[in-house]
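Here is how the chains run, residue by residue.
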Amino acid sequence: MSDAAAIHPPAVPGAGQSCSGAITEPRGWRIALTATAVALAGVLLLAPLAIVFAEALRGGAAAALAALTQPDALSAIRLTLLVAAIAVPLNAVTGIAAAWAIARFDFRGKALLISLIDLPFSVSPVVAGLALILLYGANGVFGAWLVAHDLRIVFALPGIVLATLFITFPFVARELIPVMTEQGSSEEEAALTLGASGWHMFRTVTLPNIRWALIYGVLLCNARAMGEFGAVAVISGKIRGQTATMPIMIEMLYNEYLSAAAFAMAALLAALALVTLALKSLLEWRHADDLAASRRH
Amino acid sequence: MNIDIEDISRSFGGVPALHPVSLSIPSGAMVALLGPSGSGKTTLLRILAGLERPDFGRVLLDGRDATAVPVRQRRVGFVFQSYALFRHMTVAENIAYGLRARPRAERPPRAEIARRVARYLDLIRLPDMGARYPSQLSGGQRQRVALARALASEPQMLLLDEPFGALDARVRRELRAGLREIHDATGLTTVFVTHDQDEALSLADRVVVMSMGRIEQIGAPDDIRHRPATPFVRDFVTSDPV
Numbered sequence: 000m001s002d003a004a005a006i007h008p009p010a011v012p013g014a015g016q017s018c019s020g021a022i023t024e025p026r027g028w029r030i031a032l033t034a035t036a037v038a039l040a041g042v043l044l045l046a047p048l049a050i051v052f053a054e055a056l057r058g059g060a061a062a063a064l065a066a067l068t069q070p071d072a073l074s075a076i077r078l079t080l081l082v083a084a085i086a087v088p089l090n091a092v093t094g095i096a097a098a099w100a101i102a103r104f105d106f107r108g109k110a111l112l113i114s115l116i117d118l119p120f121s122v123s124p125v126v127a128g129l130a131l132i133l134l135y136g137a138n139g140v141f142g143a144w145l146v147a148h149d150l151r152i153v154f155a156l157p158g159i160v161l162a163t164l165f166i167t168f169p170f171v172a173r174e175l176i177p178v179m180t181e182q183g184s185s186e187e188e189a190a191l192t193l194g195a196s197g198w199h200m201f202r203t204v205t206l207p208n209i210r211w212a213l214i215y216g217v218l219l220c221n222a223r224a225m226g227e228f229g230a231v232a233v234i235s236g237k238i239r240g241q242t243a244t245m246p247i248m249i250e251m252l253y254n255e256y257l258s259a260a261a262f263a264m265a266a267l268l269a270a271l272a273l274v275t276l277a278l279k280s281l282l283e284w285r286h287a288d289d290l291a292a293s294r295r296h
Numbered sequence: 000m001n002i003d004i005e006d007i008s009r010s011f012g013g014v015p016a017l018h019p020v021s022l023s024i025p026s027g028a029m030v031a032l033l034g035p036s037g038s039g040k041t042t043l044l045r046i047l048a049g050l051e052r053p054d055f056g057r058v059l060l061d062g063r064d065a066t067a068v069p070v071r072q073r074r075v076g077f078v079f080q081s082y083a084l085f086r087h088m089t090v091a092e093n094i095a096y097g098l099r100a101r102p103r104a105e106r107p108p109r110a111e112i113a114r115r116v117a118r119y120l121d122l123i124r125l126p127d128m129g130a131r132y133p134s135q136l137s138g139g140q141r142q143r144v145a146l147a148r149a150l151a152s153e154p155q156m157l158l159l160d161e162p163f164g165a166l167d168a169r170v171r172r173e174l175r176a177g178l179r180e181i182h183d184a185t186g187l188t189t190v191f192v193t194h195d196q197d198e199a200l201s202l203a204d205r206v207v208v209m210s211m212g213r214i215e216q217i218g219a220p221d222d223i224r225h226r227p228a229t230p231f232v233r234d235f236v237t238s239d240p241v
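First to last, the sequence lines map onto chains E and Y.
Read left to right, the first sequence gives residues 0 to 296 (numbering that gives the first Met the number 0).
Read left to right, the second sequence gives residues 0 to 241 (numbering that gives the first Met the number 0).
For the record, the hints were derived by calculation from the structure and aren't laboratory data.
Heads up, the beta-carbon is just placed ideally off N, CA and C, and yes, glycines get one too.
Incorrect hints may have been included.
With a cut-off of at most 25 Å between alpha-carbon atoms, the simulated SDA-like pairs for lysine to any residue come out as follows [to be verified]:
#1 E:Lys109 with Y:Leu60
#2 E:Lys279 with Y:Arg86
#3 E:Lys109 with Y:Gly13
#4 E:Lys109 with Y:Arg86
#5 E:Lys279 with Y:Asp54
Partial list, derived from the structure: chain E residues whose beta carbon lies under 10 Å from chain Y [unchecked claim]:
#6 Ala190
#7 Gly194
#8 Ala195
#9 Gly197
#10 Asn208
#11 Arg210
Label pairs and their computed distance ranges (CB to CB) [what the hints assert, rightly or not]:
#12 E:Thr93 with Y:Arg224: 55 to 61 Å
#13 Y:Pro107 with E:Leu276: 44 to 50 Å
#14 Y:Asp167 with E:Arg285: 33 to 39 Å
#15 Y:Ser21 with E:Leu278: 56 to 62 Å
#16 Y:Pro107 with E:Lys109: 51 to 57 Å
#17 E:Val125 with Y:Pro15: 48 to 54 Å
#18 Y:Pro108 with E:His148: 22 to 28 Å
#19 Y:Arg63 with E:Thr93: 37 to 43 Å
#20 E:Thr180 with Y:Ala113: 35 to 41 Å
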């Protein structure tokens, strides 16, 4: 759950030197440790992924493709992409706003806001889904009002979007807060003294300075938005062809012993995630000089 | 531009940073705000720039109340302590920023902006550095770029926060002379903050000595040196000669 934190481990002074400096393990130990790490990563991370693709393609690519072009499967793919397309931009904007408020201003309740941003990481997604049903369901707090106005949230697209927004809220803000805090506000103040309007300052100074953190945050947010299961499973009602997203569809297919179709869908979902990862690596590689320059400053 | 500060006070979270202070700065003067850290000198400078609001009191610019004028309309050239150069822009883009940020109707044409950038690069004696990024410059060069950037937007006054604080002694002396030259050439009312009495006394026409959020003495460098008004000024000016 703490994947956002794991990407950028806190910088410990001297951590870089300790690997090559005073504390040096004997050669044999180093090889053994490295081999163990690689083996563990292979067994724990790589093998499951490889199995998914192998299973998906066991009946041949044509069979996998046929499973993915079933109307219900197509509906799930469309729904997943639609939910991500709505939730990710919304959370990018609110994430920037929250990070800005936290990094730039001192106000009462700031510590509370920081804890709130982390809430989705600490609450089980199933609980989040249930909470949304208690709020917006037919017997929920807003249920009567929603029914009276003929608004459907639970077991419909708005509910799925709300659940996804809740789950993926921290990613952008968590990436941005440390970067904006470290950079301080003097460049922004300089822009203002030079006559820039608030929007011009944001566009020409703030945004370029946070762009890498923002891209990482958005990519992580997107990966999670497409992959979220627990909260969406509760609030969507799992209506096949209507409210079943890709992860829900995979579970349903698997439970019906349609494992070929389940693995085909799983492989597609994994591939989408891998595209996200590849994009991130590509950006890092293409702009390595740029990144180094902005850190050196 | 005449600057009049009338009974300005400011506190942060209940702790007073400035007790009511008043100060008049005649047009074209070069004034140093001198004091140890925590004396309120930077707060006063930021209030002049519009980066900070006073709790009470007024700032008059050429006789007009400018207390509520937002920073972007005050037309101040501000040189930050850490220079605050835009790290993702080249030196030339940094200097052009203020001109490009203007509304379309007041913005000079592209060729004119380029001409002015070249002129300011010459002025700070970095004619070939326009394409560099701030991270590729030395501390002294960055300081000069920050000064050029502040001047290029055609300010009505120049404010500098510890302009030479982070530089070694030789570069500092060079840049001091450069700042004095630029001030004399442009005639801009200039206010700079420093904790270095030698810098204040050798560079400014008038020195404002501050301590604990209060003004201890205002006077010409000679007055401060030879006729200190309070024990604090005497101790601060005579101790630790640089």
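Evaluated hints:
{"no.": "1", "hint": "E:Lys109 with Y:Leu60", "in the structure": "violated (37 Å)"}
{"no.": "2", "hint": "E:Lys279 with Y:Arg86", "in the structure": "holds (23 Å)"}
{"no.": "3", "hint": "E:Lys109 with Y:Gly13", "in the structure": "holds (19 Å)"}
{"no.": "4", "hint": "E:Lys109 with Y:Arg86", "in the structure": "violated (29 Å)"}
{"no.": "5", "hint": "E:Lys279 with Y:Asp54", "in the structure": "violated (48 Å)"}
{"no.": "6", "hint": "Ala190", "in the structure": "holds (7 Å)"}
{"no.": "7", "hint": "Gly194", "in the structure": "holds (5 Å)"}
{"no.": "8", "hint": "Ala195", "in the structure": "holds (4 Å)"}
{"no.": "9", "hint": "Gly197", "in the structure": "holds (8 Å)"}
{"no.": "10", "hint": "Asn208", "in the structure": "holds (7 Å)"}
{"no.": "11", "hint": "Arg210", "in the structure": "holds (9 Å)"}
{"no.": "12", "hint": "E:Thr93 with Y:Arg224: 55 to 61 Å", "in the structure": "holds (58 Å)"}
{"no.": "13", "hint": "Y:Pro107 with E:Leu276: 44 to 50 Å", "in the structure": "holds (46 Å)"}
{"no.": "14", "hint": "Y:Asp167 with E:Arg285: 33 to 39 Å", "in the structure": "holds (38 Å)"}
{"no.": "15", "hint": "Y:Ser21 with E:Leu278: 56 to 62 Å", "in the structure": "holds (59 Å)"}
{"no.": "16", "hint": "Y:Pro107 with E:Lys109: 51 to 57 Å", "in the structure": "violated (42 Å)"}
{"no.": "17", "hint": "E:Val125 with Y:Pro15: 48 to 54 Å", "in the structure": "holds (53 Å)"}
{"no.": "18", "hint": "Y:Pro108 with E:His148: 22 to 28 Å", "in the structure": "violated (56 Å)"}
{"no.": "19", "hint": "Y:Arg63 with E:Thr93: 37 to 43 Å", "in the structure": "holds (41 Å)"}
{"no.": "20", "hint": "E:Thr180 with Y:Ala113: 35 to 41 Å", "in the structure": "holds (36 Å)"}
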